[in-house]
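Chains as they are written, first to last, in the numbering used here: chain A, 243 to 354; chain B, 88 to 203.
Think of the hints as simulated: they come from the structure by calculation, not from any bench. Some hints could be false.
Unchecked claim - Dumping the calculated DMTMM-like pairs for lysine to aspartate or glutamate here, alpha-carbon to alpha-carbon at most 20 angstroms:
hint, chain 1, residue 1, chain 2, residue 2
1, A, Lys346, B, Glu155
2, A, Lys291, B, Glu191
3, B, Lys144, B, Glu155
4, A, Lys300, B, Glu131
5, A, Lys341, B, Glu170
6, A, Lys341, B, Glu191
Claimed, not checked - Some chain A residues judged to face chain B by a derived CB distance under 7 angstroms, without partners named:
hint, residue
7, Ala259
8, Leu290
9, Lys300
10, Gly301
11, Gly304
12, Phe332
13, Val337
14, Phe344
15, Arg349
The beta-carbon is built from N, C-alpha and C at its ideal position, and this holds for glycine as well.
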Amino acid sequence: AQSVTQLDSQVPVFEEAPVELRCNYSSSVSVYLFWYVQYPNQGLQLLLKYLSGSTLVKGINGFEAEFNKSQTSFHLRKPSVHISDTAEYFCAVSVLDDKIIFGKGTRLHILP
Amino acid sequence: DTGVSQNPRHKITKRGQNVTFRCDPISEHNRLYWYRQTLGQGPEFLTYFQNEAQLEKSRLLSDRFSAERPKGSFSTLEIQRTEQGDSAMYLCASSLGLAGGYNEQFFGPGTRLTVL
Numbered sequence: 243a244q245s246v247t248q249l250d251s252q253v254p255v256f257e258e259a260p261v262e263l264r265c266n267y268s269s270s271v272s273v274y275l276f277w278y279v280q281y282p283n284q285g286l287q288l289l290l291k292y293l294s295g296s297t298l299v300k301g302i303n304g305f306e307a308e309f310n311k312s313q314t315s316f317h318l319r320k321p322s323v324h325i326s327d328t329a330e331y332f333c334a335v336s337v338l339d340d341k342i343i344f345g346k347g348t349r350l351h352i353l354p
Numbered sequence: 088d089t090g091v092s093q094n095p096r097h098k099i100t101k102r103g104q105n106v107t108f109r110c111d112p113i114s115e116h117n118r119l120y121w122y123r124q125t126l127g128q129g130p131e132f133l134t135y136f137q138n139e140a141q142l143e144k145s146r147l148l149s150d151r152f153s154a155e156r157p158k159g160s161f162s163t164l165e166i167q168r169t170e171q172g173d174s175a176m177y178l179c180a181s182s183l184g185l186a187g188g189y190n191e192q193f194f195g196p197g198t199r200l201t202v203l
């Protein structure tokens, strides 16, 4: 079975500062990896995905993530955050094209 | 261009009542998924359909829950004899479901259920 651990439930960061949201996964088979974002009172939106190939993937809104197979991690980063990045971020995995298994989420608080 | 739609957006009911939610996927999407998201948690998979066939059900889907997709288009999720523990956001997602590769799941806005 697969599982996802998001190490921080909340991350406060000052506006224009860099941020890293941590994610570790567990799986005995190869997986697809995702980061989803949920803005207040909105639905889930795909931020970026890793399917294969280059371990550094770039997504929307200036976010990027790096797949590290040996550490089974898929941390999300942004060099400079804006107030509009306030949201909940979910790391997720799926085996091939199957159902998605989500982490518990990390709430990103942007401080002025 | 319409995305996945869900109705109603909010539902308040009393314990013991039955409720039904509807999901309309993106046109021509063959796969339809239901997830449940409780407060402070990530979404959890409930069930999914390939066209009208229900291919997998989670252990979370007790016998009080039933989902249908009769014509391979919209889907309904019914909860009978609701309990307070059923209070959650119910999310629907759809994908093309083409064989042999990755198919992105697109999520609807969800139906928030509150059981009093």
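Here's how the hints hold up against the structure:
1. A/Lys346 to B/Glu155: Since the Cα atoms of A/Lys346 and B/Glu155 sit roughly 28 angstroms apart, the hinted pair is violated (cutoff 20 angstroms).
2. A/Lys291 to B/Glu191: holds (10 angstroms)
3. B/Lys144 to B/Glu155: Distance of about 12 angstroms is within 20 angstroms: holds.
4. A/Lys300 to B/Glu131: violated (26 angstroms)
5. A/Lys341 to B/Glu170: Distance ~26 angstroms between A/Lys341 and B/Glu170 Cα, so the pair is violated.
6. A/Lys341 to B/Glu191: holds (11 angstroms)
7. Ala259: Since the shortest Cβ distance to chain B is 25 angstroms, the answer is violated.
8. Leu290: violated (12 angstroms)
9. Lys300: violated (16 angstroms)
10. Gly301: violated (13 angstroms)
11. Gly304: The hint is violated - A/Gly304 has no Cβ within 7 angstroms of chain B, the shortest such distance being about 20 angstroms.
12. Phe332: Hint on A/Phe332: holds, closest Cβ of chain B at ~5 angstroms, below 7 angstroms.
13. Val337: Violated, because the Cβ-Cβ distance from A/Val337 to chain B comes to roughly 11 angstroms (cut-off 7 angstroms).
14. Phe344: holds (3 angstroms)
15. Arg349: Where the cut-off is 7 angstroms and the nearest Cβ of chain B is about 9 angstroms from A/Arg349, the hint is violated.
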